[in-house]
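Using the sequences and the accompanying hints, generate a full structural model.
Counting in full-length UniProt numbering, the sequence shown runs from 1 upward without gaps.
Hints were generated in silico from the structure; no laboratory data involved. Please note: incorrect hints may appear among the correct ones.
[As the list claims (entries may be wrong)] Computed list of lysine to aspartate or glutamate pairs in EDC-like fashion (alpha-carbon distance at most 16 Å, straight line):
#: 1; residue 1: Lys128; residue 2: Glu149
#: 2; residue 1: Lys400; residue 2: Asp456
#: 3; residue 1: Lys24; residue 2: Asp109
#: 4; residue 1: Lys143; residue 2: Asp85
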Amino acid sequence: MSKNNEERKRREALIYHAKPQPGKIKVVPTKRYATQRDLSLAYSPGVAEPCLEIHKDKKNVYKYTTKGNLVAVISNGTAVLGLGDIGPEASKPVMEGKGLLFKIFADIDVFDIEVDTKDVDEFINTVKNIAPTFGGINLEDIKAPEAFEIERRLIEELDIPVMHDDQHGTAIISSAALINALELAEKNIEDVRFVVSGAGSAAISCMNLYVALGAKLENIAMFDVDGLLHKNRTDLSPMQARFRTAKHYDSLADALKGADVFLGLSVGNIVSQDMLRSMAENPIVFAMANPTPEISYEEAIASREDIIMATGRSDHPNQVNNVLGFPFIFRGALDVRATKINEEMKMAAVKALAELAKEPVPEQVNIAYAETKLNFGKEYIIPKPFDPRLIAKIPPAVAKAAMDSGVATEPIEDWARYEDELLHRLGADNKIIRLLHKRARSNKKRIVFAEADHLDVLKAAQYVYDEGIAIPILLGNEKRIHELREELEFEDDVEIIDPKSEDQRELRQKFAEIYWESRKRKGVTKIDAKKMMRERNYFAAMLVNDGYADGLISGYSRSYPTVVKPMLELIGTAKGVRKAATTNLMITERGPIFLSDTSININPSARDLAKIAQMTALTVKMFGLEPNIAMLSYSNFGSSEHEDAKKVGEAVAFLHRYYPNINVDGAVQSDFALNKEMLSEKFPFSKLAGKEVNTLVFPNLDAANITYKLMKELNKADSIGPIMLGMRKPVHILQLGASVDEIINMAAVAAVDAQEKEKWALRKEES
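Shown next as structure tokens:
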């Protein structure tokens, strides 16, 4: 990466944390506060009543306050990431980031607290004094050996869960991976020999947990910067001293000869291919130094075919990522009001993670990671961080272990209900957007940005390029694009095409001939065709038609009808599709909801509505979700004889007859569609009864477009769309004045759409 790019990345990170408001987390009210009555209940005099109830019984604090879902992320900044002892203030961005992960993965609220002391007693006393506020304490980025003592004493002296994630997070996740790796290698943990590079808190905690799983101390060789932890060493902490050995190894390379397992939690590039070749049959290698592993994934798997490899990186299989653990462990602990996180609870998380990797993987996860089908094996020994099953698998296992070990004070009785509550906790997160971007990266496509001479469009293209979401082709006034690129310091080698430039004369002529041939019997002259090819949207559409690009996005600066016209004329609809349509994906508090048709069909017929529903169902599946489609009306299941209501019923009847596998029903009112309990009670016969509806098909454009705009403005719901349905090629049209984020997301949609159309074409060829 060039110095300019490094500087741009640095500034981008700083802007992310500073704008539009500093920091990454905030406090949001959970109760009404609009009226004087609301405020009198929230504060004086109404607030006195819960105060008195808590005074009578301290346990009531969980009933009347946020304590039961509030975790403190606490650090003194003495071991921040790989930055070292940079102080409490400098650690705050990391602690806020940890709070963000707690929230988006497990719906746990967090206050980050940075303590300005390196004195162990002072730190412990500070945490103890503020502990009544919290339901749990997550210790973070505290250097060893103080971290061991701080955690030990706080666990003993507090009656709420305490965990130092730097130690136990990696230990829990890697232990799950180890269980599965040993199974694949057909080895018993009691028999295998371990070599460990690193003797800090994470490495010590990993090996302690491995010993709890059955590893033998005499089979462990641990190295720190000064060499082997040998029995003659006198400079070791009590925690390190446990792993002293009487055996002699001249070096890490010497120790690896014949070893079964290598665990790296040290520094990058200290292990060679020859060192791995010297290991035993079916070696297990966990090279988890970040960002540079002890040996790269590529080098490791090239060294021998029988290796089972894991790293801490997300761009290779088997990522040992702490986010698989800490949010869900605290979730389970909080939900039974555990007084601590004990070894039984950690082991329950280990086993639950190991078991989950052996279960069939949801299609949503396969799609996100661009896999045909993830299966338990050498390249899949641990679940993926985006796996939606984690929230329903890990917390119940931890909660049960807390109950069985006697540290739960509020046991769970209805496990089915608890798991259902867990699944509903994450409805408002943007996981689907992260999945979309990850999938786009898996097979990068060439996407035309037809209005790249606008600053926001170029910003989006820069992000798409930098993040590897797609390969942008910048279309527009070349001089203006260069000026904007200089302003943005967007200096990468990205193709620029100016449709009006002399350089493109030959291509314009070629495109004009093709366009004229297709439209000459519809009033288009050759002169018209040549003029139109100087217009960016016609030229962009021809780039896609000609196969020069895989897809395009446009519409930022022009009205929707103006942009859609050339797309329909030049690209056209797919085989079997009479009319194109659009859907908008709304990221709401209840989860993702698709709305169709939001942009094109003013008053669709019954047959049109059925086709819109069918096309939307395919798009929902493209995002890895199973569509549950409600066909909306002002009436419910034939309660009105008006033709507007009847056409919706006819569309449903058509779908039920010809597409029985699509889970669709109606006509139904929107409140019944979105309230599954109400729908099940009043209309138990419906195919949607008891299901979470995630797709709404509207009877006309008025209803769909108004609803989409209201949701976006009133609820501040993020939106992806309008996503074009039924087009022959991947073309997607932005809303006028779309934000940078919306343009980025639409570029990702275009890329994934191109991937899907490519797969479909290959399947047709094969059949």
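Do the hints match the structure? See the list:
With a C-alpha separation of about 14 Å, the suggested pair Lys128 and Glu149 falls inside the 16 Å cut-off, and the hint holds. Restraint check for Lys400 and Asp456: not satisfied, since their Cα atoms lie roughly 50 Å apart, outside the 16 Å limit. Restraint check for Lys24 and Asp109: the C-alpha separation of about 13 Å stays at or below 16 Å, so the hint holds. For the hint pairing Lys143 with Asp85, the CA-to-CA distance comes to about 8 Å; that is within 16 Å, so the pair holds.
In summary, the structure is inconsistent with hint 2 from the numbered list given earlier, while agreeing with all the others.
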